[in-house]
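Q: Just so you know, the protein sequences line up as chains A and B, in that order. Under my numbering, read the first sequence as residues 1 to 333, first letter to last. Under my numbering, read the second sequence as residues 1 to 73, first letter to last.
From the structure, some residues in chain A lie toward chain B, with a derived Cβ separation under 7 Å: (1) Arg268; (2) Ala271; (3) Asn272; (4) Ala275; (5) Ile317.
Quick caveat, the hints were computed from the structure, so don't treat them as lab data. Bear in mind the structure is a predicted one, so any value in this text is a computation, not a measurement. No residue lacks a Cβ here, since even glycine has one placed at the ideal position from N, Cα and C.
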Amino acid sequence: MRRLVLIILGLAWLLAAAAAPASPAASADSLVAPAAQDAPHGEAAEEGIGGIVKEVMQHHLTDSAHLQLPLIPEIDLSRLRIPLPFLDGVYRATREGNPLVSWMVQSEDGHAYLILSKHLVFMCLAIALLLLLLLAARRSAGSAAPRGAGNLVEAFVVFIRDGVVLPNTGEEGRPYLPFFLTVFFFILTMNLLGLVPFGSSATGNLSVTAGLALCAFGMMQWAGIRAHGLGGHLKGLMPHGVPLFVAPILLPIEFLGMFTKPFALCVRLFANMMAGHAVIAAFMGLIVVPVLALTNVPVAVAIGLLELFVAFLQAFIFTMLTAIFTGSFIHQH
Amino acid sequence: MENIGLIGAGIGAGLVALGAGLGIGRIGGSAMEGIARQPEATAKIQTAMIISAALIEGVALFGTVVCLLAVLK
Numbered sequence: 001m002r003r004l005v006l007i008i009l010g011l012a013w014l015l016a017a018a019a020a021p022a023s024p025a026a027s028a029d030s031l032v033a034p035a036a037q038d039a040p041h042g043e044a045a046e047e048g049i050g051g052i053v054k055e056v057m058q059h060h061l062t063d064s065a066h067l068q069l070p071l072i073p074e075i076d077l078s079r080l081r082i083p084l085p086f087l088d089g090v091y092r093a094t095r096e097g098n099p100l101v102s103w104m105v106q107s108e109d110g111h112a113y114l115i116l117s118k119h120l121v122f123m124c125l126a127i128a129l130l131l132l133l134l135l136a137a138r139r140s141a142g143s144a145a146p147r148g149a150g151n152l153v154e155a156f157v158v159f160i161r162d163g164v165v166l167p168n169t170g171e172e173g174r175p176y177l178p179f180f181l182t183v184f185f186f187i188l189t190m191n192l193l194g195l196v197p198f199g200s201s202a203t204g205n206l207s208v209t210a211g212l213a214l215c216a217f218g219m220m221q222w223a224g225i226r227a228h229g230l231g232g233h234l235k236g237l238m239p240h241g242v243p244l245f246v247a248p249i250l251l252p253i254e255f256l257g258m259f260t261k262p263f264a265l266c267v268r269l270f271a272n273m274m275a276g277h278a279v280i281a282a283f284m285g286l287i288v289v290p291v292l293a294l295t296n297v298p299v300a301v302a303i304g305l306l307e308l309f310v311a312f313l314q315a316f317i318f319t320m321l322t323a324i325f326t327g328s329f330i331h332q333h
Numbered sequence: 001m002e003n004i005g006l007i008g009a010g011i012g013a014g015l016v017a018l019g020a021g022l023g024i025g026r027i028g029g030s031a032m033e034g035i036a037r038q039p040e041a042t043a044k045i046q047t048a049m050i051i052s053a054a055l056i057e058g059v060a061l062f063g064t065v066v067c068l069l070a071v072l073k
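Could you put the whole structure together from the sequences, leaning on the hints where they help?
A: Here it is as structure tokens:
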């Protein structure tokens, strides 16, 4: 369990770096003018019901530099930036040349910062909640019959271990179990946070899912290299018994396949979470039409319940597919 | 003429739903049949069903995202 916590922290750091790209644009937007004020003189079609629905959807779906919580005034997150003094030199040196570094940090005064955004805040909240839950679960570790949080976590852990990871990777996958459990719990918590009022799901941000998929990609390659060595791992691109003349076609396809798998993971999670929230927001946005409100609210509630299922399903699917792909690299054909 | 893109996005979203519905419907139907024939394999069939449904859903959502981009452009 301690390893699990450590891996969560590591993953969180990677993701914090991955999720930051969305924020510079968002904060720049908020500096110029709120998007809603821009709209009227842009197009006339923006007004009316369509405009309201669109505004609700965009506000609900996109990352922003502002955090809205009940009872307290709106928080401007672009002020709460975290200085990264150890990157100051790197940033200055590579400011022009290296887009990767300038994505991670933003600087008007020559210093490097990690900028917070709404999704980043909710991602950190997910990490904090998970840490609390897992530390609470640790208290009953070792006892024959876990209670409370330990019981809750154990039910999930056993399900993921015996139902998802080990059947797909075999016994060789056991050392990688902490990774899969971390991914499952992390995605699940982020998904569920989007269903809480005033919440937002960080998995509805392409940068976050890309970070997760990058971790999954690393996991697959690492497992393959650990099992067969680097040479053996690459040899797995060319299955046994395949005639040599198909190699020019097969090799590029297999090689691309290595990358399309995590890419599909990334887009699937992102699209599922975003589409679900878009549908809810669209129905909730139509509430401004008095007659439609009678039917829209029940429909939005029903879709909210469906989203609750999807939140679990997508965390499960991400873990399951990562386990299947990792298993296919461990057990080459 | 500018709004013709919106019609395209609407038709596209409809086609996506049609394709995904057909695909997931076939999976669900076959899974039902399989479970009816072999009730003891229910758990395995359900897992495989959910995975293939998620794969189809993923492709459908790619399409949905493209349609959404066309509208929100």
